[in-house]
Each structure stands twice: as structure tokens, then as C-alpha cells.
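Student: From first to last, the protein sequence lines are chains Y, W and V. In terms of numbering that gives the first Met the number 0, the first sequence has 416 at position 417, counting the first letter as 1, and numbering is strictly consecutive. In terms of numbering that gives the first Met the number 0, the second sequence has 197 at position 198, counting the first letter as 1, and numbering is strictly consecutive. In terms of numbering that gives the first Met the number 0, the third sequence has 22 at position 23, counting the first letter as 1, and numbering is strictly consecutive.
One or more hints might be untrue.
[To be verified] Using 20 Å as the maximum straight-line C-alpha spacing, the simulated SDA-like pairs for lysine to any residue come out as follows:
#, chain 1, residue 1, chain 2, residue 2
1, V, Lys290, W, Leu108
2, V, Lys106, W, Phe12
3, Y, Lys148, Y, Ile388
4, W, Lys214, Y, Pro352
5, V, Lys106, W, Leu16
6, V, Lys106, W, Ile19
Simulated from the structure, these hints should not be mistaken for laboratory data.
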Amino acid sequence: MKKKLVSVVLSAAMCASMLVGCGGTTDTAKEDTTAKEETTDEEDTADAGEKTDAAASTDFSGEELSILVSAGWMDNRYDETIARFEETYDVTVDLQAIPADQYDDLLQSKLTTDSCADIFWISSNPFAVDSVIVDPAKYCIDFSDAEWKDIMPEARQASCKAADGKLYGLQIWHNSPEYVMVYNKTMFEEMKLTVPTTYDEMLAVCEKIAAEGVTPWFMPGADGWQHPLAFFQIGGVYEETTPGLYDGLNNNTATFANNEKMLEVLNQYKELSDKGYFGEDWIGTDSSNMQNEFGDRNCAMAMANSSYIKQLQDETGSTDEFGLFLIPLGDNDTYPTNPAGPTMFGYKGTEHPELVEEFFKFVTQTESLQEILDNSPSYTNLDVNDDKIEQHWLPEEEAFMATVDKTKMATSVLQTGTKYTNDYWMDWSADMVAFCQGTMEANDVLTNMDANRAEAAGVAGDDAWK
Amino acid sequence: MKKTMPKVLKQVFCILLCLIVVIPFYMVLINSFKTKPEAARMSLALPTEWAFSNYTEVIEKGKLVQGFMNSMLYAAVSTVIGVMGSAMAAFVMSRRRSKMYNFLYYFVLCGLFFPVNYVTLVKVLGAVHLTNSRLGIIVVFTSAMIPFCVFTIRNFISSVPVELDEAAVIDGSGPVTLFFKIITPMLKPTLVTCFILQFMGVWSDFLTPLYLSSKSALYPMTMAVYQFFGKNTNHWNYIFADIVLTCIPVIIVYLIGQKYIVGGLTSGAVKE
Amino acid sequence: MSESGGKVNKKRIYPNWFLIIPLLLYVGFFLLPSLMGVFYSFTDWTSRSTDGVSFVGLENYVEIFTSNKDYVSGIFNTLKFTVVSNVLKLIPALLLAIMLQEKMRGKNFYRTLLYLPSILPFVIIGLIFKSILNYNNGLLNGVLEFLQLGFLKQKWLSDLDVVWKSIFGLDAWRGIGYVMTIFIAGLSTIPKTYYEAAQIDGANFWQRLRHITLPMLSGAIMINLVFGLTYGLKVFDIVYVLTNGGPGHATEVMTTYSYQLYSSGQYGMATALNTILLIITLIVGVFVVRKIGKQEVQQ
Chain Y
0 MKKKLVSVVL
10 SAAMCASMLV
20 GCGGTTDTAK
30 EDTTAKEETT
40 DEEDTADAGE
50 KTDAAASTDF
60 SGEELSILVS
70 AGWMDNRYDE
80 TIARFEETYD
90 VTVDLQAIPA
100 DQYDDLLQSK
110 LTTDSCADIF
120 WISSNPFAVD
130 SVIVDPAKYC
140 IDFSDAEWKD
150 IMPEARQASC
160 KAADGKLYGL
170 QIWHNSPEYV
180 MVYNKTMFEE
190 MKLTVPTTYD
200 EMLAVCEKIA
210 AEGVTPWFMP
220 GADGWQHPLA
230 FFQIGGVYEE
240 TTPGLYDGLN
250 NNTATFANNE
260 KMLEVLNQYK
270 ELSDKGYFGE
280 DWIGTDSSNM
290 QNEFGDRNCA
300 MAMANSSYIK
310 QLQDETGSTD
320 EFGLFLIPLG
330 DNDTYPTNPA
340 GPTMFGYKGT
350 EHPELVEEFF
360 KFVTQTESLQ
370 EILDNSPSYT
380 NLDVNDDKIE
390 QHWLPEEEAF
400 MATVDKTKMA
410 TSVLQTGTKY
420 TNDYWMDWSA
430 DMVAFCQGTM
440 EANDVLTNMD
450 ANRAEAAGVA
460 GDDAWK
Chain W
0 MKKTMPKVLK
10 QVFCILLCLI
20 VVIPFYMVLI
30 NSFKTKPEAA
40 RMSLALPTEW
50 AFSNYTEVIE
60 KGKLVQGFMN
70 SMLYAAVSTV
80 IGVMGSAMAA
90 FVMSRRRSKM
100 YNFLYYFVLC
110 GLFFPVNYVT
120 LVKVLGAVHL
130 TNSRLGIIVV
140 FTSAMIPFCV
150 FTIRNFISSV
160 PVELDEAAVI
170 DGSGPVTLFF
180 KIITPMLKPT
190 LVTCFILQFM
200 GVWSDFLTPL
210 YLSSKSALYP
220 MTMAVYQFFG
230 KNTNHWNYIF
240 ADIVLTCIPV
250 IIVYLIGQKY
260 IVGGLTSGAV
270 KE
Chain V
0 MSESGGKVNK
10 KRIYPNWFLI
20 IPLLLYVGFF
30 LLPSLMGVFY
40 SFTDWTSRST
50 DGVSFVGLEN
60 YVEIFTSNKD
70 YVSGIFNTLK
80 FTVVSNVLKL
90 IPALLLAIML
100 QEKMRGKNFY
110 RTLLYLPSIL
120 PFVIIGLIFK
130 SILNYNNGLL
140 NGVLEFLQLG
150 FLKQKWLSDL
160 DVVWKSIFGL
170 DAWRGIGYVM
180 TIFIAGLSTI
190 PKTYYEAAQI
200 DGANFWQRLR
210 HITLPMLSGA
220 IMINLVFGLT
230 YGLKVFDIVY
240 VLTNGGPGHA
250 TEVMTTYSYQ
260 LYSSGQYGMA
270 TALNTILLII
280 TLIVGVFVVR
290 KIGKQEVQQ
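Produce the complete structure using the sequences and hints provided.
Tutor: Shown next as C-alpha cells:
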């Protein structure tokens, strides 16, 4: 109800102040104050503890907190928490959701022109804080001593720290298996198939499924960013074959080129492509219709997140059962550990640093975390150190995790375990397609990655590449 | 007989052509009434159940009312100023053909080829304190369309006879009266065409406001489309509904403009 | 209101202040920032250089022409796109404009419809056409099959021999209405009496086209040609949304390369590539304007 009121007021204020430039915001803020009063009472009783804390330090009334985020990173899962934050502190939050393909450029431009929002997000991994934000000490509020930092498990804290050892970010993300094989269990049972654990078994399974006129492995190549996952998510198997590979790649003592295991995986991928197991035209197919393809039983497997199963069943009304298994290319049996995800940072140049700090404190409260989890259809859990949170693990996830060897979870995926690799995702994607179409050699795909990484290392002034 | 056959053929041809153009639009329209999974199929079939709520949902979630106001303001104001300002400049450049004016013309023309650099643009706007304001965004849009408009209008202005100017001056009109009372009506088809093309350009450009403002209150209507692209799954139904709503204003502007192009034509013909 | 000897006082009736506002805006808010952008192509500006940039001369340009990346094929593809897309749009658009200029039932309706595609955002065009062009369940292959033309079915977006045709086709689909609108504006300035006179002389369609329409239309043709060429050379969105330079690197153009450089933080290199593109466009554009401009004067 209140949201509606605010938006009506907002648009009215807009009309009135159209030509006056930015006069609109002050009007809105004033109107907001009156709307707020009626709700303060219940708030007081709800979380009296925090409330007094906030009131004691500063009065933020009427201020505006801006958040810059890529569309899809917050979805609607923060809406309720933000609304509560606005009420508690009597402020307005200006949420700026930016088209995903513009986000990185825009953020870079906002940072270099000193006009960034109070809170901004990046898609972080253990190397990203330095490579994306470049000069975190200059742009980010130092949260090394923040009381909330231990809400994050250690692996996640690594994604929030820069090379200087300070903690800048807050990563609230889930710990569900990401981009493993999702398969239609019911169909597998009907075709009397068992889950493949090696490449040869996978090949045999694909052959049987294809014989039934079903696409074995739905691969949306036209999206560009999806098919490289088949290669990078199984980083553990490369490290296992060549122990020390990750360190070597990060110290510039090892290369992608001539890596036997990587060549093997690429060739296996091409074999599946050549045999049509990714569908007749996977290179020209995008993912927009993927759920329906599953629902219509036109495909049996695809790489996806575990939460995809729930969405899929909800939205297509499919009554089939689904399950998960590890991507078996290169006979992989390692789990795609990936302590990466969208992460928020406080902008050092903000006009109200205390309010920013309050926001970080606010979202890390149990109540907020639970709210965020409950409002995310695609989350089944939050990877936070808070026992009071009620997680919603799926039975499929639990069954899958039971099959994973815990010793195979130590190595993270290749794109976040090695420096600069992730930056060339789309170049790699194009090369991989060129290889599958026979216009490029497998080893050249690997060589290009080495060349690109060297370029990025040069840009970053990395000593190992000098 | 001889005359009707080609006419029928022409109609058939046009209808076929329009069909090719319309089918994707029909896809957008029909899918905007479907549920999320159904819309993802992007089929031409009618919806199994009509989800009119997509529209109310989009208007509320995408803050379309506010976006519409912004877009309308940016597009209308900058296009009117840009087209009229350019017409005045083009008029002078075309009538005074000395070396200097020719140089100015080519100087402006160069603008057609330059790429936009948002980082430096923000710096320049910051220097004159125009960042984060609607005025700044309008100024940038107006400036960016000047090369296009000057070039287009100057190419058409030579077809307006100089004799008209002379007659008007003899009748005692000054430059302002001459331009607005005599020249502008003669240029109506051109000006309206420029207006239509530029209006559309500004309307669909969401990058400029995005880079020049750090307040979502200044975002244009077209930005909302992107809010329904998710991380794992996209809300095609909302995206389509949003497209329909953002297209309608441009279609209306075209339809209205169209009338003036034709109107200008006949009045021109009468004078001939 | 002084009039000296019947001759019009140019300074007075075409005053310079008509120029001031457009020129100021153009120089201040368009040219200046763009030139500042060009300046960066001579620096080592990267996403890492937060403490200012330093001048490196032509280093970036040398790097572009000696790099192991195939920028040359990008330049070639850009030129190919420019030529083909303009031929495919200008000629049909001109014929359409002439047809829709004549007396004809429903011509306003057709004009509006044909213009529509250029108002759709590129993301949406990409989205819809990826679906229409899908090999298995796309509309196009479906229609072909329905018409018993199954042998024409193609992998529109992944077959190396077909993918450029798909891009050209889509570009024409989107662009013809726009080009046509400018032609119609040009046609509407041609006095009807010319055609009536030609009719009396018994001129056929092609004669009228050659001797009246084309010469009288030179302004509109030039506009479309210049816009078409600059659009073609700067093409980005349509390739980006449909193939993103793929499959492999088959449809990579200069701007997609510069976009990749930009997103990997090599801003200096990216602006250098843009500057090369700018120079090419500038040369082609000014050449066309002067060439046709001269003809116009001769008329």
C-alpha cells in the first residue's frame, strides 16, 4: 500500500518539478516523512535493540542512500529488507538496477568520475576486488573491523578482501551446487540409464538418449557464456592431474597450452558436439526456452544450478523428478567449489558513510538474512554463519551432496581459482565454438587464453609476467 | 484492366511486406499477454489464459509512469530545440555560401563521425555543474543531434527558392519573421521527418541518461525493460509487455508526424 | 527596414546569431568530449591507471597493426557489411518510397508499419530473432517446412556460410523503413508538375526515375548514403545482439573488437581502434559529401 502512495507522490512531484531539474527528490523525501510516522510504533517493538543503537549514533532522517547494482543480482529478494531499512531509519533507498551488459563499464565510469552510488556491487571472486575495483583503498570503505564480518564463512571473506589484506565487501550468497549436470531422473529410469561418472559412460548415455529422439545435453551456445562452463567448472580435475597447476598459472610458470588434460576435455567436448548430442544446432540456440525444453521432455540433461529444478517444476508443471551429478568430462569427479558471487561495497566518497555502515549492519541481522532467503525463489540456502537461519535445502541437493566426495571439494573452479582467466570468458567462448566448427585447433584455443592472460597481467602490472 | 492489375499486385506486395514486418511485433504483443513459461516459448499461438496483469505489474514494478515522464521530457524538449536550432543554423549556412560558412558546415558535419565517450562527457558536464540533472541530459541529447539535423535540413533547404526570402524582406519582415513565417512552413516535411527520427533516437537511448545521472529518478522508460532480465531466468512476459508500452508513444508520434509530412506536401504543391 | 538597391542584405536577414546556440552546444557538449576521448588513444589509459595517464605516442596504433589478434579481418568485415547493407537497404527503400508516394490505398498505413522495426530496441530484436531463426523450433524454418520448402532450411546463426546473410537480412528488416522515411521527405519536395510534364512527354517509369526523381532527390540520397555509410562502418548493436561476433570469430567487426578491448580494461587501445574507425569514416563521409555536393551545384 505504502509503496503505491510513494510512487504516486513521486510521479506527482515529478510533473511539478520536471523543468527544475533535480528538485523532485526533496519533495518526495518530505512526503515520505509523513507516510512513515504511522509505522514507527510497530517497528519499535519489533527490533528495539537495533533501533536504539541507530538512534543513539546519528539521526539519518530524510537522507537518501543509493545502491548501484546489475539487474539480476538483487532481483526482488532485498525489497522487503530495504523497505524495512527505510522505515527504521526514515531514509529513502534509491535502487539503481543497471542492464547486465552495461554494468561493468558504467561502474568503471562512475568510479573514475567520482560519481559513484553510496553502495555498489561487483561480481567478486578472490582476485576480483583488485582487478575490478582496481584501487580498493581509494574507492571502498574499509570494513576490516566491522562486527558483521564473521557472518561470512572464510571462503567468502576471501572474495571480499583485496591484496592489501583488508576486508571491503559483503558477500551474501548461497552455497548450492552451481552449474553441475541437472538431469531428468524419470526419463533416465524409463530408459534404464544410470548416472554417468566417466566420459565413456557419458558418451554411452548420450547415444541411448539420442536414439530416442531426445536431445541428450541441452547446450545454449548462442548465449555465449554458458558452454565454457563445461570446461571451467571442472577445474579440480586439471589440478588433480597436474598438482600445482593453479599456482603455476598464477605465477606464470604454467600455461593452458599443451596441457594434456585440457586438450582431452576440449576434444571430448567436440566429439559430443560433432555427434549432435548438444542438439542439432546448439551454437545457434539460446537459453530462453530451456525450461520448456525440459518440461516438454525434449532434452534430458543440461548444466544448471540446483535451484533450477524447483523453478523448472514450478513453471512448466512438469511432474518428472530431476537430479544432479558432476560434469563427467575428463572423467571429472571434483566438486565445482566457487566462493564467488555478487558482493556489495561501500563507496568511500559517499556523503553519508555512517548510513552506509548501518545498511551493512542491517542486512546482516538474522531477520534480514532470513527475509532475503525467503524472498529468493532461486535460493535454497544462504552461505552465512548464522545458526538461527532456517535453510530450505532441496532433497535433490541433499541427495547430490551425499554423493560428493568431501576430499574433492578443495579446489575451486578454474575461472575463479586462477587470475585473469575470468576476464576472457567471452573470447574463450568464441574460440571454443570456432574449434567445434573446425576453424581452429584445440591447442590454439588454449594458447589464446595464455596470450590474453598475459595481456591482462601487463595491464595490471603483475610482477610474475614481467 | 491494364491499370488495375498492377494496383492489385502492388497491394499484395505491400501486404506481404507488412506481414514480414508485423510478425515479430505480433510475437511481442501476443506474448505480452502470456504467463512467464508460456511467453518463453515465443510462439505465435494465442495465450491459453490472458494475463493482463503483466501490464499492471510492469507499470508498477518498472516505475513506468516516472520513466514515461522522463522519456517524454528528454525526447520532446531536446528534439524541438535541436531541430529548430539546427534549422536556423542550416538556413544561415545554406544561404550564405562564403568560405567561412562552408567550413562551419563541414565542421558540424564531422560530428556525424565522432564516437561518444561517456567518461569525458561526464567530466565536461561536471565542470559546468550539469551532472545529475534533467537539464544536463537534455543539453547532451540536443547537442548530439545537431550534426544530423544540420546536415539533413541543409540538404533540403536549397529547394526553398531564395526569391521567397527577397519577397519577404521587401514586404518588411526581419530575419525572425522570415524564418518562422516563411521558411519553416516550407520546410515542414523535412523538419517533421527530422523530428520523428530524432525523437525515436532519444526515446530509445537509455545509455546517455544512465551515464549522466546517479539517481534512478532520472532514468528513462526504456531502462525498465532490463529490470526483468534475471540471473538465471528472465521474465519474458514482463519484458514483452514493457516493450509494447515503450513503443506506443513513438508510434503515436510517427502517426501524427506522418499527417504533417503529407500536409506539407500538398501545401507545397499548391504554391508551385 | 533599409533596402539598398534591390539587393538583399545577407548579413541582416541571415544573421550570425542564428548559428550561435547550435554551434555552442555542438562544440561544448559533443565535439569537446569526443576529442578528449581521441586524446586518450595516445595514452596508456587502462582500468588500472587511477592516478592519471601518461602519453605513449603512437604505441597503441602500432600494437593494433602488429597484434596477433586478427583486427584486419575485423576491418574487412566492417567494410563488407557497409557495402552490402547499404545496397540492400537503399535500393529497395527508394523503390518503396516511390511506390508509397504515388496514389495508393492505405499508403499511410504501410508507411507507418514499415517504419516500425527501427523503433524496437536492439536487445529485443536480438532476442526475437534468435528465437525466429532457431534451427529446430524457430518460426522461419517452420514456415519453410510448411511451404514444402524444407530444403531451404538453414542453421541461420551458426552456419559459417549463412550467418552473414542472416545479419544482412535482419539489418535490412530493421533499417529499410528508416531510409524510406528520409526518401519520402525528399520525394515530397519534388514538384508534381515535373512528373505531369514528363507524363505528357510519354516518359516511362525508368526514364522518369533517371531524369527527374534521382537528380531531384540528390539531397535525400546523400543523406541516406552518408548515414548509411557511417552506420555501416560503426555497426555494433545488430552484430552484438545476434551473434556477438560469432560463431567463433566469423562475424567480428571493428567495434566488437574495440568493445572487447574496452571490457578488458585496455581503454587506450580501445580508443585507438575507435580513432582508426573515425578516420576511415571521416574520409569516406567527407568524400561522399563533396562528390555529391558538387553534382548538386551543377544541377
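Student: Indicate, hint by hint, whether the structure satisfies it.
Tutor: Outcome of the hint check:
| no. | hint | in the structure |
| --- | --- | --- |
| 1 | V:Lys290 to W:Leu108 | 15 Å, holds |
| 2 | V:Lys106 to W:Phe12 | 12 Å, holds |
| 3 | Y:Lys148 to Y:Ile388 | 17 Å, holds |
| 4 | W:Lys214 to Y:Pro352 | 18 Å, holds |
| 5 | V:Lys106 to W:Leu16 | 13 Å, holds |
| 6 | V:Lys106 to W:Ile19 | 17 Å, holds |
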